[in-house]
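4 protein chains.
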Amino acid sequence: MLNKEDYLSYLRGKKSNVYVLGKKAEDVTEDPVLKPAISIINKCLDLASDPKYSNIMLETSHLTGKKVNRFSHLTMSKEDLVKRLEHVAFLQTKTGSCTMRCAGTNALNALYSITYDMDKKLGTDYHDKFVKYVKHVQDDDLIVGCGMMDVKGVRPLRPHQQPDLDFHLRIVEERSDGVIVRGCKAHQTVSAISHEYLIVPCKVLGENEKEYAIAFAIDVNTEGIIHIQQHNFQDSRHVVAEQGSIDFGNINYGSSFACTSLMIFDDVFVPNEKIFMHGEYQYTYPLIRRFSAHARLAEGGCRPRMIDLLIGAGQALSEYSGLDKESHIKDKLTQLSFLSQSIRGPALAAAYQGSTTPSGIYIPDFLLCSTSKLQAIHANYEANKLINDVAGGFINSMPSEKDYKNPALHDFMEKYLARVPGVPAENIIRIFRFIESISMSPVVGALHYGGGTLEAQNVTIRGETNFQEYKKWALSLAGITPEIP
Amino acid sequence: MLNKEDYLSYLRGKKSNVYVLGKKAEDVTEDPVLKPAISIINKCLDLASDPKYSNIMLETSHLTGKKVNRFSHLTMSKEDLVKRLEHVAFLQTKTGSCTMRCAGTNALNALYSITYDMDKKLGTDYHDKFVKYVKHVQDDDLIVGCGMMDVKGVRPLRPHQQPDLDFHLRIVEERSDGVIVRGCKAHQTVSAISHEYLIVPCKVLGENEKEYAIAFAIDVNTEGIIHIQQHNFQDSRHVVAEQGSIDFGNINYGSSFACTSLMIFDDVFVPNEKIFMHGEYQYTYPLIRRFSAHARLAEGGCRPRMIDLLIGAGQALSEYSGLDKESHIKDKLTQLSFLSQSIRGPALAAAYQGSTTPSGIYIPDFLLCSTSKLQAIHANYEANKLINDVAGGFINSMPSEKDYKNPALHDFMEKYLARVPGVPAENIIRIFRFIESISMSPVVGALHYGGGTLEAQNVTIRGETNFQEYKKWALSLAGITPEIP
Amino acid sequence: MLNKEDYLSYLRGKKSNVYVLGKKAEDVTEDPVLKPAISIINKCLDLASDPKYSNIMLETSHLTGKKVNRFSHLTMSKEDLVKRLEHVAFLQTKTGSCTMRCAGTNALNALYSITYDMDKKLGTDYHDKFVKYVKHVQDDDLIVGCGMMDVKGVRPLRPHQQPDLDFHLRIVEERSDGVIVRGCKAHQTVSAISHEYLIVPCKVLGENEKEYAIAFAIDVNTEGIIHIQQHNFQDSRHVVAEQGSIDFGNINYGSSFACTSLMIFDDVFVPNEKIFMHGEYQYTYPLIRRFSAHARLAEGGCRPRMIDLLIGAGQALSEYSGLDKESHIKDKLTQLSFLSQSIRGPALAAAYQGSTTPSGIYIPDFLLCSTSKLQAIHANYEANKLINDVAGGFINSMPSEKDYKNPALHDFMEKYLARVPGVPAENIIRIFRFIESISMSPVVGALHYGGGTLEAQNVTIRGETNFQEYKKWALSLAGITPEIP
Amino acid sequence: MLNKEDYLSYLRGKKSNVYVLGKKAEDVTEDPVLKPAISIINKCLDLASDPKYSNIMLETSHLTGKKVNRFSHLTMSKEDLVKRLEHVAFLQTKTGSCTMRCAGTNALNALYSITYDMDKKLGTDYHDKFVKYVKHVQDDDLIVGCGMMDVKGVRPLRPHQQPDLDFHLRIVEERSDGVIVRGCKAHQTVSAISHEYLIVPCKVLGENEKEYAIAFAIDVNTEGIIHIQQHNFQDSRHVVAEQGSIDFGNINYGSSFACTSLMIFDDVFVPNEKIFMHGEYQYTYPLIRRFSAHARLAEGGCRPRMIDLLIGAGQALSEYSGLDKESHIKDKLTQLSFLSQSIRGPALAAAYQGSTTPSGIYIPDFLLCSTSKLQAIHANYEANKLINDVAGGFINSMPSEKDYKNPALHDFMEKYLARVPGVPAENIIRIFRFIESISMSPVVGALHYGGGTLEAQNVTIRGETNFQEYKKWALSLAGITPEIP
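Chains as they are written, first to last, in my numbering: chain A, 1 to 485; chain B, 1 to 485; chain C, 1 to 485; chain D, 1 to 485.
In isolation and in its complexed conformation, chain A is listed as follows (with noise of 0.2 Å):
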């Protein structure tokens, strides 16, 4: 399987196409920004590597009986589901961080169940080739995304509406061989650093939107593809600080949104058998379906992990402090746990209350997902006002490391950051850039990924609510029979 070595040398082998603050990134690993995701990915493939932990790390293909990375893994059964629920939330408490590769286990499940139906229904291909993409994505250990989100225009309009008829990715050219497509996706969050992207629509299509209905799998370095790195504010931490620094808090990483680009497609061919849907439009609404349903899921591990280590960073705080026996500390940390476990609980019965589609892919139930991934948004900010009121004002206006390193300030820094006696002021520096590397980072606000906005839960939890049915039970109870006379 892949290792980090390997992983390593392919990145500086590649082609660069990947800009970072106005200039291409010659060589990716060595890119300040860059350098906090590739430490996660690497993360990553070492804890698949330990046999400790190979039972969450890895999982048995139902394609080629072979161990392979559950990040590849197609769920076939409730307990896989589960599972990659639980893969998600260790993930979470070992990097502090978006792992960066659900969008692509999502498109890998939605495209398996999908290409099924199409060819059941239709005739076609797609099946058998996308069966032989996942075998080579799985034996090679490919890191794979997706890129789903258009840029999209004008928002109220059709893609075939718009000012510019790119807004949404679409096929400008139909060649024998393959077709020729043009367009943007946009929060790419692992495109700049993987091997392989799948792109899938990012909307319900009609049939005179046939050009758009297109999903393809591409090598990340094709030719015509361009990454434009994202430039945020932990981003520009990563250019002043050293990665392993203390300003980094979450020493390693940093950050969760380090890698997020800006992907152009100009004119990018794709040859046939990487395509897996080409026209078929009346497959969108499934497959969006499908792949939110797993993407949501997928934050209902993450997500409960993030504010576990706010808590864990908040209960170490407060014994520096000598505040753990306070009752409106503990009130809080209480607090925070029920709002992680109010996001978990959900995730975790969609999970165990999901379904099977006929190619045996079994996806999470979208009702619960979407209340988990609701839950998520309104729970985010009302964890980091709690964490923020038990931390104190030193998330915002702690000295650098450097500060505390120069000898003309080292000492000062020692005596008057030092709290409970024996705790040296490093560990107080520390939690403190930890508690900002995630209540103060982009994270507050990148609710958006993994699922979509908060109204776009509205949407799910309104169409798949049983208005009707609900009425029938009200009007019987209250004696209202027929309904209208």
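Calculated directly from the structure, the hints in this document are not laboratory data. Take every hint as true, because none was put in to throw you off.
In this list, chains with the same sequence are indistinguishable; a pair is considered to hold if it fits within one copy or across any two.
The calculated lysine-lysine pairs, modelled on BS3-like cross-linking and capped at a C-alpha distance of 27 Å, are:
(1) Lys405 to Lys14
(2) Lys472 to Lys4
(3) Lys43 to Lys472
(4) Lys15 to Lys402
(5) Lys94 to Lys4
(6) Lys274 to Lys120
(7) Lys15 to Lys415
(8) Lys78 to Lys120
(9) Lys67 to Lys132
(10) Lys274 to Lys203
These numbers were taken from a predicted model, which means no experiment stands behind them.
With chain A fixed as given, assemble chains B, C and D onto it according to the hints.
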């Protein structure tokens, strides 16, 4: 199995020890305050005898191999526990009410498992006695309640420190053939209209509180027991209006708390064969924990459906008012559905992620079911806000059915309460009464039942959260090792 | 000025057109449903005649120079408006109830200013007529209500599009000496027990809806008017229990909504001298706006004090239970105080930052008083959650006073409901009943009164927010000038 | 009065004792971390010298009769205090930032009134000295900050019990001409770039803590004082991007916390004439109370406008995206406006309902301004949730200005980030950066400044609530008299 007629004749034959509004209820089946509650019990008996519902209402006893009422069934597996949640949810849709029997079920499960543990450890014979008792309950299909909550006197004092030692029910005399107990159990949901009652301690007890560590079963008509009915706002409606009338809202059942009693034990004899704990104070903690886990889980079944009934009524009223396409109405109904699922999700998860006690009883995950219950408390008030805004002022100011039926007023009310053409004013009155029966009723504040107050959930969540483990994760990511040098 | 005896003899002398529970109330002063409401009016009359309270209860009329009841006073200055808020707050502490007369005050102020504007612009003579009317009200110290809310039929339709044109009150016949009106005003808080009523439109009207643009005063006993009383849960308590009994909770007044009526106008004649708007549809917007601003402000007076009463009761109960030092109890009482002040603050600000209309009437800032009202709605449900958690289960399941007074039960209840030594059980029962009378009563959902629903506040806040101005500030700071090149 | 040039030359002439990122900042005016903060000070100086704004920016000193900067003005009336609130709100719209000078204003007012009280009671001469000092500040138009917050060490311990007695700033040596102080003030918003600083205690002190009861003024460049700059996420942006660049978001000021320092007093001499409290521990309570009241009030000025800026940016972005008619967008912007007003309302009320201290200083109502501040904390997180949902993913993943200006990328970004035709992509980038600069910045968690944490407000609200009075009202209504028989 027990049928409606048997049950009513049992109630009529009981020696009355039930007081309602200051008077002894000579025939409880004719008492306007108790009638709605009896109707709920009867509805559940009807459903249990309907083959269409046998799958949800009945289960095979692992003790006798016979089909028994699910309320008397012991949960020996994950499936049993999930089924129990569905059972509770189903009954809510059929009655719009608390079915009053959960506490009994909780106690049967908790005592079965605790007596097993005690016997194994202490060599007592409680479990055998209890198995015999359960078989009797199952075979004769008895209505069994449970009295846990003592009146508790001065809250921060231990039972043995109270100004009145009877503030917690206790043994006041030991006899060779049994014990005499004295005390008072509050908020007893079904005691006035059940067959049997299980009495258990409500506090974790210490060595010097052995006389409080008593668990037993008792016939609710036993000499020395008095049931004084609650008198809440909905009860008054039951006095003023006829069951089956529009003003009941939920026309047959009216209220979920029609039958809560203050249950007084004025030196009551309990024979040895019905005693299942007698001084083993060290088992009060697991007993209360297992009982509470079951109780909180059950709320995760009924509460979401109570909100779903509000959604159904809100949907109906919106259609009757021409408002069902209005965005703020749709949003509010959707938010209600989110609230419902946010309670149901952690409860389902608690059922799936439970654990098996040595006796074989499968109990819910305590952290997750307490999360569900706490979310239920929060959601309850939020749900009322939303439905009150959807419904508008007539939830408070609807005239009575007697007005509507008065010929001098009928045509005016028909004319002016009408909305969308074709919908009779009566439908609109009924829907308002139905929403009133839930959102304006004592149920609004009844979240203390079925697993305790908001604060009780906080205490559990604090106790069940592994703060030190979370701390370890955070410290490791922040580079703090060892914790203190 | 009006005293209690005059008022009672006026009520007894009225030709009855009030229906309660399906029957005509021959003497409203003896009707158990109406009695608590009448007691509230009487309490306010008592306070007004008590020299100790003349500063808050009375004010000098700018029309007559005489002292008048503050309910009939026109707010001609900032001080008047702040005083009005204090007046409403003060009465809440004395009655624990809605005093039912605010809508009248709101309408007096709104009509005074609008008739002035109409006369200036249109040359009509409404204002002179209205000044004469106000002097009559002030001099004879009349109880005046206001009927704004029509039944409204199909919600999204305009009055003239409704399936029944009478869904909004309208002129059905023009006569030389007046008009005949038909319609129905809903949720009329004081109509059954007042002297006079001001009727105004409840919707902003268009040119083709002139017959709806009618404002007038009328004697509530006029031929053709019928008042059908609401029937809510608290009313039933009033039927079952005696006023002055413990079960009333708030022993004299019991409920703030004892007296809401459906008020039917079955072709009622209104003489010209009592008509203050007659077709001037373009003045419906400012009329409703000014009325609503006053109405929402008034809620900022009574609602906080309602929460303060819950705090006071919670404090008492905590002391009686030995819980007043418990941190979570203190926290919850503190949170209640925050909620109270968070309503009061914006209301006070609205009073201080009001503006003067051409007539001299000083009206509150509409954005701030709508903010207060919306916060009142949110806070109401949150407050109930908190107090229910502070109080515990007996807010639902307290036996009746009749049980407590039954010799067979009295000693048991005295013994078992006691808590801290020296506090009689009766105190504890009283406190629970008092908390029930607010937190479990129809008041819980009555936030639609006094300025409209949650959604109504949203609509105002949207309308009163200067989005374009805010945008300009943001664009300027972001360096976007001009906005679009 | 002070102008920009004078101020810059003062800063350049300062002997540097400011450390940034581990190095001494030789010229603070050229330091990228400090520059945005200096620009804010300058902007305020520009506004003060602009006749158009003299009404809001200047006020007549009651000490000198001359026009002075409002930051140095003492609030001697209700009007002064309301004006101060408007001043703070106005500056937020002009800078989008904390203007850093409020703490100084708060301290000037608090010390003026406390020194007056001390002199009256104790016969000291602090007030005369302080009046002289204030005149100097006003006449020379000095930038004055205030250091209150000590580092505090072990939280539950008193200053004199701490493992290090210097955890709270204290006198370490008494001299005939002054004192030597040692300690460390944390989170000092303007110390690195101001003229003068007022140092006051941060805890209510006891008789055995007289050496901590010290208040004085000091030149920020005094020997022995060191300022170590914070290093938060936004500072890193300031290192990476140029001021004035798009990436600053708020292009000139970037951040409201650019200049917070850890301010170390390494045995600093304070001459007698600048000492305004010296051992009078019993005045620490009113000093802190009056300071805090002012501080919390000021937040009621800037925080609402910060939300209004988010509304403005959200409105712009919605228009650029074609979403400004979407109901859920309009709802969220309206909710933001409600949040803004719900902070502003209680602050305004606190200003209007303040009280006058013996010295003539008019101070805000403490309960209402603490309510405003607590609501500000709650609203902050809620506001970020709403704006993040309105804005979408690019608040996290927008590429940098350098990417946008790279010719290889520019056209792609122009094409794909565009939305509504005619709006350049640059506008959209700018709006996202602006929203990022507020909602994703350290401001998110900086609610501890300006009046303390959430818990600090709770403590005040508890202390200022008259629980016993509220109890009396409730008992009287419930018929409980006397309270205990």
